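Quick note, the sequences are listed as chains B and Z, same order.
The first sequence begins at 91 in my numbering and counts up one residue at a time.
The second sequence begins at 71 in my numbering and counts up one residue at a time.
FYI, nobody ran anything at the bench for these hints, they're computed from the structure.
Please note that the accuracy of each hint is not assured.
Computed spacing ranges between beta-carbons, pair by pair [stated by the list, open to error]:
| no. | chain 1 | residue 1 | chain 2 | residue 2 | range |
| --- | --- | --- | --- | --- | --- |
| 1 | B | K107 | Z | D232 | 38 to 44 Å |
| 2 | Z | N462 | B | Q129 | 47 to 53 Å |
| 3 | B | I137 | Z | K117 | 40 to 46 Å |
| 4 | Z | D232 | B | E112 | 30 to 36 Å |
| 5 | Z | E402 | B | S106 | 52 to 58 Å |
| 6 | B | G138 | Z | N462 | 55 to 61 Å |
Just a sample of chain Z residues kept apart from chain B, beta carbon distances all over 10 Å, derived [what the hints assert, rightly or not]:
| no. | residue |
| --- | --- |
| 7 | E185 |
| 8 | D193 |
| 9 | L194 |
| 10 | I206 |
| 11 | V227 |
| 12 | Y448 |
| 13 | I492 |
Values in this document were obtained by computation on a predicted structure and should not be read as measured data.
Using N, Cα and C, we set each Cβ at its ideal position, and we do this for glycine too.
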Amino acid sequence: MSELKIKKRLSWQLFSKQDFLELFKFRDLLFTLIKRDVQVVYKQSVIGFGWAVIKPMVQMIIFTFLFTYIAKVQMDDDSVPYMVFNFVALVPFTYFSSALTASTSSLISNESFITKVYFPRLIIPLVPIIAKLVDFGIALVVLGFMLFYYYQTQPGSVEINGNILFLPLLILILIMFSFGISLWFSALAIQYRDLNQIVTFLAQFMMYMAPIVWPFSRIKGITQGIESWSGIDGIANSFEKIYSFFPLAGVIEGFRAALIGGKAYPNMPWDLILNGTIMSLLILVSGIYFFRSKESIFADVA
Amino acid sequence: MKNETVIKVEGLSKRYRIGLKEEMHDSLASSLAAFLKSPFKSFKKLKNLSSFNDEDDDVFWALKDIDFEVKKGEALGIIGMNGAGKSTLLKVLSRITEPTNGEVTINGRVASLLEVGTGFHPDLTGRENIFLNGTILGMTRKEINQKMEEIIEFSGVRKFIDTPVKRYSSGMRVRLAFSVAAHLDPEILIIDEVLAVGDYEFQNKCIGKMQDVAQGGKTILFVSHNMAAIKQLCNRAILLRKGEKIADGTVDEIIDVYKNNNETREGDLGHIQLTPKNELPFQLLELSIKNSNREIATYFESTEKIHVELKMRITHEQPNYYINFRVVNHDEITLFVTTDEDFSEGYMSGNLGVGDHGFNFDFPSHLFKPGKYRIDVYMCNRFNPLIQEHNNILSFEIIDSITLKSVKQLYRSEAIVAPAIIWELQ
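If we strip away everything but chain B, and leave its shape as in the complex, we get (with noise of 0.2 Å):
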C-alpha cells in the first residue's frame, strides 16, 4: 500500500518522478477527455469535420483576394501559387491559434472537476492541444490534395522533396509552443479572466507577425527601415537574431521548405528551426514550473 502525504509543496518540489508516474496513472482521463472534446465540438452539426477544412480554407480565400489583388504582396519568386504559399502557412497556423484559445480557457470551462476532483492538473490544458490535432490532420489532408493539384496542373509551382521526411519534427516544435505558452496562459487565466480576452489580440498578433501572408524574406526590409529610422547601426541584424527566435517563423518556413520545396524553398530553414526549437523549449519547460508552482491554488481562486 503507497502512502501518501498532503501537505503544503514547497516550491523546489515541483516535478517529482511520483507526478509522472501519476501522469501516466491518468492517461485513460487524458484519453477519454481528448475523445469528449472531439466529440463534442462536432455533435448535432450537419457539416462536422468539414468545419475543420472550411474554416482554415475561407481564411486562405479571403488571403489570397486581398494580398494579390487589393494589397499585393511582393512575392520572391512567382513560381509559387500566393494560394499554396499561403495555405501551407495557415494550416500550422490554425492549430496554434485554435489550440491556444481553447487551452487558455480549459482550466475556467472545466473548472467543476478542478474544484470537485483530485486528478494531474497539467492534463487539462494538454487535453485541447492534443483534441485540435484532429482538425490539423484534416486540413493536411486537404493541404496534401491542394498541393497534389497544383504539382499536376503547374509543372514548377509545387515539387515535393525529401524534406517532407522532417514535417513530424516541425510538428513536434509546433505542439511543444503551443503546449507552453497555453501552460503560462490557462494558469493565469483561471485567477486573471483578462487573459481570455488578451489571446484573442495575441493570436491575431501573431498571424501578423508570423510570415503567413508575407513571405519571409521581406524581414530583411522590416529590420532595415527600423535601422534606418532609428539611426543604430547594426539594430536590423539584432532584430532578425531576436526573430528568428520566433518558433512560429520556423514551422511555418520549414512548412513551406517541406511540402513546397522547388526552387522557391530549396533547402530547410535550419538556423531559424533550430532557434525556434530552443524557444519552444524554454517556454515549454518554464510553463510546465509555472503551472505546477500554481496548480495548488486553482481550486481556490477559480
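For this one, chain B is given, so just place chain Z on it according to the hints.
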C-alpha cells in the same frame, strides 16, 4: 491488519481570503477616479486571492489545527453547521486544495465523491459519460469496461444508456452518476452530502451500497446533514465548528452534542427575554422553544415535538387582544398561524386581567421538513393597528431523522410540510 491507521491528520489548517469590501462612490468625479484606478485595484484584489502578506480582516481560517486519525474499516461521520469547514476538510483530504499548514498521511487508494456526476457532458450518451465520469474519478478504461454491465444494471437506466444525457431527467442523471461512483472500489471513500439528491428508493439503495462498502473493511468519511443517514452508516463522528474540531466520539454522542450545545450556534438561541415597555398596554415578555426534555434548544429532530413557552404582560384590559404566532420557512412562506382564539369565548388574552400571563403549546412532531424556520409573534388588537410586531424573534432548525418512506419523498418534493400520515387498511 485491523486497527491500522489509514488517515492521519495532524495540525491541519486552511486559510482563505474572502472578497474585499466594495467601496461606494457618491460623486461622478470620485467614481471616475475609481474607474481609472480600478484595474490596479482589481489586479491587487485578484492577486490577493492567492497571496497572504498580512493578516487582514478578510483572511479567514476555514480549518484550524485539526487533528484526528481514522482506522481501517471505520466509517467516520463529519458533522457541523454550514460553514464549519466540513467541505474544506474533505477537499483537502481529496487533494483538491492544498492545506496552509499541517499534513495528512493517507494509506490506500482514495476515491472522493464531492458531487454526483462531476464531468457529465450533456451531449454525450450515458455510456460515454460512464467512461468520462469513471476516468475522472480515477478508474481505468479497462476497469470500467469490466464493470460496465454492473454499473448499467445498478443505475436502472439501461433503456437510455445510448441516449445523450441531456435528454435524461435529473433523477436519471443522479442514478447513473451514483452507479459509477458506487463501483469505484477504493480503499477509502470520501463522500460529501451526495445523498441529498435522488428519490427515496434510490437513496436507500445508495446507503445500502455504502454499508456494503463499509462492511467490506473499507474506510468511509461521510459528510451529511441527514443525521439518520449518519446514524445508519457511521460508527464514529467528529463535530466541527468554525474550522475547529470540538468533539470526537460515537455517533450518538456527537449528534447529542451538536443538537444541545448552544455554543455550537450563534445568534439563534431558543430563548429571548424582552425589556418591558411601560407605554404598551399589551406586550410580549419572554419566548422560549424547548425540546421534549424541556430544555431550551434550537435544533430538533423531525420526529420530535417542539414545546413553546410564552410570557406576556397586560397593563390595560381589552377584550380584543390576541396573540398571532406564526412559523415561516426559509422561502418566506408562512407554514401556519396559530392564535389564542379557539380555546375560550373570544380570545384568551382578551379575557385576561391586568398582569403577567404565560401560555404554552406544542408543535406536533412529524410535521416539518428539515431546514431552518423562524418565528414571528404579533401582539394584536382586533380592528386596530398592531400593538407589537416581532419578526424573526426566534429561529430553529429541523434535522432529518425520520425513516418513513413517504415522508422522505415529501422532503424532496416542493411540499411545504411533511406530516407523517399513517394509512390503515380497513
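Hint check:
1. In this structure the supplied range 38 to 44 Å holds for K107(B) paired with D232(Z), their Cβ-Cβ distance being about 41 Å.
2. Here the CB-CB span from N462(Z) to Q129(B) is close to 52 Å, well matched to the stated 47 to 53 Å.
3. Between I137(B) and K117(Z) the C-beta distance comes to about 44 Å, which sits within the given range of 40 to 46 Å.
4. Checked against the hint of 30 to 36 Å, the C-beta distance between D232(Z) and E112(B) comes to roughly 33 Å, which is consistent with it.
5. Hint check: E402(Z) to S106(B), Cβ distance near 54 Å, so the stated range 52 to 58 Å holds.
6. Checking the proposed 55 to 61 Å range against G138(B) and N462(Z) shows it holds: the Cβ atoms sit about 58 Å from each other.
7. The non-interface label for E185(Z) is inconsistent with chain B: the shortest C-beta to C-beta separation is roughly 5 Å, within 10 Å.
8. With a minimum CB-CB distance of about 5 Å to chain B, D193(Z) fails to clear the 10 Å threshold, and the non-interface call is violated.
9. Its beta-carbon lying about 6 Å from the closest one in chain B, L194(Z) breaks the requirement of being farther than 10 Å from that chain.
10. I206(Z), annotated as away from the interface, has a beta carbon of chain B within 10 Å; the closest lies near 5 Å.
11. With a minimum CB-CB distance of about 20 Å to chain B, V227(Z) clears the 10 Å threshold, and the non-interface call stands.
12. At roughly 45 Å, the least C-beta separation between Y448(Z) and chain B is larger than 10 Å, which holds for a residue marked as non-interface.
13. The beta carbon of I492(Z) sits about 41 Å from the closest Cβ of chain B, which is more than 10 Å, so the claim that it is off the interface holds.
When the structure is compared with the earlier hints, violations turn up for hints 7, 8, 9, 10 and for no others.
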